[in-house]
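Here is how the chains run, residue by residue.
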Amino acid sequence: MRSVGTLGIGLWLAGPIIWATHFIIVYASESVACTRLDADSHSLIAGIATIIALASIAFIAVRSRAGRFRDTAFLRTTALTMNLLAFLAVTWAGIAAVLLPSCTGVG
Amino acid sequence: MNQSVLEPNGAEAERIADLALMLFGGAAIIFFGVMALAAASVWGGVSVRRAIASERMIVAAGIAFPVITLTALLFYSLWLMRANIQGNATPPAGRIEVAAEQWWWRITYVEPDGRRISEANELRLPVGREVELVLTSPDVIHSLWIPAIGGKLDMIPGRTNRMRVSIDGPGIYRGQCAEYCGGPHALMAFDVIALEATEFDAWVRGDVAGGSTETVRGRGIFEESGCGSCHAVRGANASGLVGPDLSRVGGRRTIAAGTLPTSRENLTRFIVDGQSIKPGNLMPPFGLFAAEDVDAISAYLMSLQ
Amino acid sequence: MTSTAERETAELPNPLPRPRDELRRLQAVWAIPEGWRILSAVNNSVIGYFYIGAAFLFFVLAGVLALLMRVQLAVPGNLFLDQESYNQIFTMHGTVMMFLFAVPAVEAMGVLLLPQMLGARDLPFPRLGAFAFWAYLVGGLVFFSTLFFDMAPSGGWFMYPPLTGSRFSPGTGADFWLLGIGFIEISAIAGAIEIIVGVLRTRAPGMSLDKMPIFAWTMLIFAVMIVFAFPAVILATMMLELERAFDWPFFIPDRGGDALLWQHLFWFFGHPEVYIIFLPAAGMVSMIVPTMAATPLVGYRLIVVALIATGFFSFGLWVHHMFTTGIPAMSLGFFSAASMAVSVPSGIQVFSWIATMAAGRLRITAASLFVLGFLFIFTLGGLTGVMVAMVPFDWQAHDTYFVVAHFHYVLVGGMVFPLFAAFYYWAPAFSRRALSERLGKIAFVLMFVGFNIAFFPMHIAGLIGMPRRVYTYPAGLGWETPNLASTIGAFMIAAGVLVFLLDLIRHLRPTVGASAGNVWNAGTLEWLENDVHAARSVPFVESRDPLWEDARLSADVHKGRYYLPGTVTGRRETIVTSAILAEPQYVVRLTGPGWAHLLAAIFTAAFFLLLTVKLVTAAIICGAVAIACVVAWAWDTDSPSAGDVDIGGGIRLPTYAVGAASHSWWAMIILMAVAGALYLSYVFSYLYLWTVRPQDWPPIAPLASHAGWIASAALLCISAAALWASGRSIRAAVPRLWLTVGLTVVGLLTLLLGLGADVASHWLAGLRPQHSGYAALVFTAGFLQAEIVAAVCIMGIFACVRILVGLTDGRRSVVFDNMVLLWGYGLGQGALGLLLTHGFPRLGM
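Residue numbers (the working numbering), protein chains in the order written: chain W, 1 to 107; chain P, 1 to 305; chain V, 1 to 845.
Possibly wrong hints are sitting among the right ones.
Each pair of labels, with its calculated beta carbon distance range [what the hints assert, rightly or not]:
1) P:Glu199 to V:Gly844: 50 to 58 Å
2) W:Ser41 to V:Ala732: 52 to 60 Å
3) V:Gly478 to P:Ile68: 35 to 43 Å
4) W:Leu44 to V:Ala732: 54 to 62 Å
5) V:Arg433 to P:Val48: 33 to 41 Å
6) W:Val62 to V:Gln27: 51 to 59 Å
7) V:Gly844 to W:Pro101: 25 to 33 Å
8) W:Val62 to V:Leu67: 56 to 64 Å
9) V:Thr691 to W:Ala73: 44 to 52 Å
10) V:Glu480 to P:Val48: 38 to 46 Å
It is worth saying that the hints were derived from the structure and are not from the lab. Every value quoted in this text rests on a predicted model; they were computed, and no experiment measured them. Just so it is clear, CB atoms sit at the ideal spot from N, CA and C, and this is done for glycine as well.
Isolated chain W, as found in the complex:
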């Protein structure tokens, strides 16, 4: 194992961090969009956020596999697996955002 620095730790955790960011954006934008804007604008925001999040995870996973974590099997495989789990979690959240109408109660 070798030292990777603060940025390296950030990259190592990139998948979960992107998941969290995506989560906050979709959740917060629904709260705001449904009180201030309209439902359509939120579906759009959620869709775009999901695509960007998935693309970023895929990009970072490919890049860091070949780059910063190349020498260290521990960092490489753990980063890859975390990216995989985060990709799945963002996908699931995205599916919920796409399939359900915004700003509607269910009762």
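Starting from the known structure of chain W, fit chains P and V onto it as the hints suggest.
Okay, now just chains P and V, sitting in the frame of chain W:
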């Protein structure tokens, strides 16, 4: 009487019961599979254990399999939620307002012409007609739950929640407050009586059948003692809004929000010593009455149907 | 591995004989105070023992409460307990189990095990750890005893307002909950800071993160999760107490508050809490299974990933508890998706343990049985967890006994069973005798069978309609049989716990120097021959199971052939290493026994508890005494450099560090993260209330004038300039200490005035916190800023006095540096507060 998720009698409850059975079946298969794998890992032969002891097995059983199953489940659950939402697109055929208060249910039937009929602690529903329940609370958080008809929905002060219910066949079901609301939360239930639509309409619009000659004395004591400052009885000198409407209390199956079966004796007990039956309820005990006076009030209340 | 490390190992173990009195001197500096003075001890072995004992006491007490409830519910319409008693008991059962048993118990296991497991002599802040323990014990005992005076809270462990507001809960019970539990959470955070710094900075040389035992990983993630989750509930308890005491209407809907705000904050803490409890227990399992199967853990990397992923995903689940509140469908679907995501990592762990058992041959010991029982129960609980994550199913199951069954499967299965496995597994390391295998197996059978008899029928009771939190139920709904079964099962569990207690009495002989030793042939460092100073010397770690890799390691370590075989400064000390690679950086001298931290804990507890019963003057006096005690305790913690010292193996290390190398700097950064998380929870509350109650925002409410924020911002800028200048002056080539002190005083005063200008501007505009939820939140910003400013001022005065008496200067500057960090944080928080309370309403949205 039925308060069971597993004996559904309404569209939503049926969908959820199907989901539940599917989940139980799937969970049972997975559970026994995992336990068999664990048993094999401890007591299995060398070749079996060698097959289990690999990272590939962890990835297959711990990532690949759950991802496939959970994705399928997520779609199914979202599809069920969509079914519920789409059901809400059409306007409801009736509206009933239910306000949960510590520790009883204020129920108001809103007629298509806007007329409002006050009731309490017993919800009557028309079979085959989709009704919207408008759920509110003036004090703390409660939750309306009638398992045979569908899931629960909270009643939150400052907010209004709406729930669609439709019931498949006539019958009697039980509902209960599902959010802890302090004190006698355990004693905050109600009956749901599903009637054929015509019968329901007749009941809602029906007159109060109280006031026979035998109960004139009871009615007199009821009115003079100030019962009407908290309770309302249509057609009598009683229009209080603090406690449950008593216009048809004698026709309900239970008193004190599902706590006791309705009877003359139980009404008397509750009036004299309600605090030992339902501790903390907001009606003060009326122990001052002479025994025959309370009995007369109870007889009068029993006649209100 | 770097080449320098290889060179170092080449010289170890050192075959030369050790000086004769080296061991005696080492033992002398680490000696445990004798007799009743043991109360002043701070060593992790002693405090760890006390800590686990106290947590177990609360487990038994809350278990007795559970038995009382089960007696009451055994038959319908039972009159054993009255309604109010039952409501208090179920509230206390949940509260005590969660806050006084579960979190402290795993924290205690961390305190007891981590230093030995990581090859450290002790945790990095021994007195802080002892303070956290004593505060918890005193606060917890007083809190529990409210039950005996009929003053216990009865609003449920989740404390939902408006029920817990002053209108519907006028007594002091809710105040005891809010202040008592808020206070114990602060103690948990203190412990978490110590654990994070301990895990990251005091590992044995060579133990890079990829060689760290899984238990240490779980404790690290546990502690980081506490740092981010607990502030949310601390803010919530603070706001509810402000509402109850001063009528700030955060949660009163008629006055612009919102009841669901509490639920968001509470569950933002409450859901991660489940994993906070579960992860360390899973970590224990990951230690026990490899030893009992005599093979290294299969899937170490996958488990690390699973732990980190759980740490993240568990923060995206809080609305999971609010599926029936009527919030929009998309939010429900969204949180349902996150609930599923979090179940994947748990699956990874379960299959890793199964793979490990298959890779070796599992010895069936009492500890193994508890682990197998855990697998059974936890798997079932996990599957019902997926069920309640399905939104439509949850509409039926929520708040019924199905959920009671589910979370007892997850928590008792996921935490209590592993904890008992851990007791049986680690007892030989901390007791002269191992516990009895026979009694252990009897206890296991009683607990396992009893648990399933008690809790499986609750699934059924819930599905046939039984709601939670009911003190009685009517006959005729089919609930009689499952309830009677649950009661019988509960008493079987109790019998199992009694057998365990009997085993403790007969076999547990606490010791820190003469333990039964490595009876299981385990591979990790806590099984080295330990004394109160942990191992005799600190080994160089080259693998995940060092005792298995190097058969001579144990003997060599014990003969002092590795690092730091004695005391090099004549004080208690441990090696501070780098966070990722564990390269030795410096030797830190640790504090020894004392009374100030103990008194500080007692008076802090007294401060909070006296506030509860509205004895304000007495409370303030106790608070002042507590602060004085903290100052007294902090006074001698910053020892000056003793020059470079030789720790063996050809390594010379400094004895003082500043900046990012200092372990103290790390603790301060984590404390700032706690404060930041608290403030972000506040920002969330402000914005959340704006989305539900925009009608209360300006222009309806009065808005402070421009002059207010301009004055406040200007003062903060002056303070920032003074901060910068004082930092430069203390490190100047020719330090002028009076100038440093002067600049610090000016900076602190302007920081204080900046806060004053902000609050005054709202007040002068006519806003009062009692007006509305909005107004209360505006003043909450000032309240939170006041807490930081007060802390910075106390630290500032402390630093200035030390500068003036010559104890702090440009080189020995940790005290000053820490103050500067928090000061800088305070400036940032103040600026954010201005943007939010003055800027946001002007956006005109």
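Outcome of the hint check:
Evaluation of the 50 to 58 Å hint for P:Glu199 and V:Gly844 yields a pass: the beta carbon distance comes to about 56 Å. Checked against the hint of 52 to 60 Å, the C-beta distance between W:Ser41 and V:Ala732 comes to roughly 56 Å, which is consistent with it. The hinted range of 35 to 43 Å is satisfied by V:Gly478 and P:Ile68, whose Cβ atoms lie roughly 37 Å apart. Taking the beta carbon of each, W:Leu44 and V:Ala732 are about 57 Å apart, inside 54 to 62 Å as hinted.
Checked against the hint of 33 to 41 Å, the C-beta distance between V:Arg433 and P:Val48 comes to roughly 38 Å, which is consistent with it. Against the hinted window of 51 to 59 Å, the Cβ-Cβ separation of W:Val62 and V:Gln27 comes to about 56 Å, which satisfies the hint. Separated by about 29 Å at the C-beta atoms, V:Gly844 and W:Pro101 satisfy the suggested range of 25 to 33 Å. Between W:Val62 and V:Leu67 the C-beta distance comes to about 57 Å, which sits within the given range of 56 to 64 Å.
Checked against the hint of 44 to 52 Å, the C-beta distance between V:Thr691 and W:Ala73 comes to roughly 47 Å, which is consistent with it. The supplied range of 38 to 46 Å is met by V:Glu480 and P:Val48, whose beta-carbon atoms lie about 45 Å from each other.
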